[in-house]
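Just so you know, we're using the working numbering here: the sequence shown kicks off at 1 and counts up by one.
Derived by calculation from the structure, the hints in this document are not laboratory data. The beta-carbon is built from N, C-alpha and C at its ideal position, and this holds for glycine as well. Treat each hint with caution, since some may be false.
Derived EDC-like pairs (lysine to aspartate or glutamate); straight-line CA-CA distance at most 16 Å [said to hold, decoys possible]:
1) 319 x 309
2) 387 x 377
3) 258 x 39
4) 331 x 304
5) 207 x 249
6) 294 x 228
What follows is a list of derived Cβ distance ranges for each label pair [what the hints assert, rightly or not]:
7) 264 x 211: 21 to 29 Å
8) 407 x 4: 21 to 29 Å
9) 143 x 309: 22 to 30 Å
10) 169 x 291: 21 to 29 Å
11) 170 x 114: 48 to 56 Å
12) 316 x 14: 18 to 26 Å
13) 4 x 309: 40 to 48 Å
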Amino acid sequence: MNEKLLQYLWNYKIFVNYDFKDLDGNLIEILNFGIWNTDSGPDFLMAKIKINNIILAGNIELHVKSSDWIFHQHSQDPNYDNIILHVVYQNDADLPDLQNKNIPTLELREHIDETIFANYQNLLKENQLIPCENIFSADKIPVHFYEESLLKKLDEKSSELEKDLESHKNNYEAVLFHSLSYSFGLKVNAHLFKDIAVSIDFGVLNKIRQNKTQTESLLFGISGWLEDPKDDQMKIWRREFDFIKAKFDISDLVIRPKFLRLRPPNFPTIRLSQLADLYFQHQNLFSKIINAKKTEELFTIFKDIKASEYWDTHFNFGKISPVDQPKILSKDFIDLLILNTIMPLKYTYHKYQNEEIADEILTFYREIAPEKNSIIDGWKKIGVKTKNALQTQSLNYHFKNYCSAKNCLNCSIGFKILKETHHV
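Put together the whole structure using the sequences plus the hints.
Right under this line is the structure:
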């Protein structure tokens, strides 16, 4: 057993039974196994369990042995403060730190079929992109496949946005801020950036957004970066944050973004400064986005956004970079913002008033260049050519929800393959 295999079994729920109990014999019901986290921090995020008739929401950490918690020094890492369950293959040590916090430990050894170990090497050799790769060809893709897949994705995103809207009294501007923050955080910091945004009363942001320094100060302060100023600019940000915190009664909550596995242009320092500039430059950002009729109008909103002058010579606080250049938003990054944030929000805003909105949104996607990522590269290798973001967004969505999940019986491509095979 190794940790990677244990995470795999947990992610795909491959167990002999689900009669889970903690070390004290209390029944544990896993309501949500969580989202597999491949970056630093807990292994599974946003999980939910029920124990002793109490529902707990948070993160789950997996180890081969209980003692690995001590070996990895998780008790000293604030990223592990929101752990609700410790899952291990073998319990080999008592963990007073977890016991004192009433965090249960689940031992999985009796819940895993031992034959899985014998099959593990074959599993590692599996290199197909999609389950039907050996019998797939591009002509098996049904008519309107791309449009239907993208509209499914938009409907799912719209449902998420509507929940956020309900929580924030139908304040579209606040929800736009949350969604943009999520996208500016990219994969590593998406959830943390959104947590930062949600922690800010949008009314406060609206009052200070005309002052870019204050907007940066608020974002940097909540990120915990201004506690020990290293230069004069940091002292200015610290002074402004202290003023804002006192004036608007900002809580002491600190949400620390991650730098691990990020290229310097994607450092959270740069991205939060760019986000501050976006709200500084466009005081009526929401109306501009909602009223845009062409992709070029949307691109114009973002094309001049850049981090503040301090970041021309820095990527992190107090460390001067040998490269002196403005940190502007790249074309690819702007495309991602439009595809993943702006389009779903426009769709959500207009879908009950404009019967033609679906066609209009699909046109936006057709006007944007195809995305570049490993999944799209995989589709290309098996003969699928893409001309625009409508196709790449659809293929990404289909891979995640059907191919990766091996949900072949509900797949329109799989249905067509089975139908043709049946008639042979």
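Going through the hints against the structure:
For the proposed pair residue 319 and residue 309, the alpha carbon gap of about 14 Å is at most 16 Å, so the pair holds. Of the pairs offered as hints, the one joining residue 387 and residue 377 holds, with about 13 Å between alpha carbons and a cut-off of 16 Å not exceeded. Distance check on the hinted pair: residue 258 and residue 39 sit about 9 Å apart at the alpha-carbon level, within 16 Å; holds. Note on residue 331 and residue 304: the hinted pairing holds, with a Cα-Cα distance of about 11 Å set against a maximum of 16 Å.
Distance restraint check for residue 207 and residue 249: the Cα-Cα separation of roughly 14 Å lies within the 16 Å cut-off, and the hinted pair is therefore satisfied. Taking the CA atoms of residue 294 and residue 228, the gap is about 45 Å. The hint is violated against a cut of 16 Å. The beta-carbon spacing between residue 264 and residue 211, approximately 27 Å, falls within the hinted interval of 21 to 29 Å. For the pair residue 407 and residue 4, the beta carbons lie near 23 Å from each other, so the given range of 21 to 29 Å is met.
The given range of 22 to 30 Å is broken by residue 143 and residue 309, whose C-beta atoms sit roughly 52 Å from each other. Between residue 169 and residue 291 the C-beta distance comes to about 23 Å, which sits within the given range of 21 to 29 Å. Evaluation of the 48 to 56 Å hint for residue 170 and residue 114 yields a pass: the beta carbon distance comes to about 54 Å. Range check, residue 316 to residue 14: about 41 Å between beta-carbon atoms, so the 18 to 26 Å window is missed.
The hinted range of 40 to 48 Å is satisfied by residue 4 and residue 309, whose Cβ atoms lie roughly 44 Å apart.
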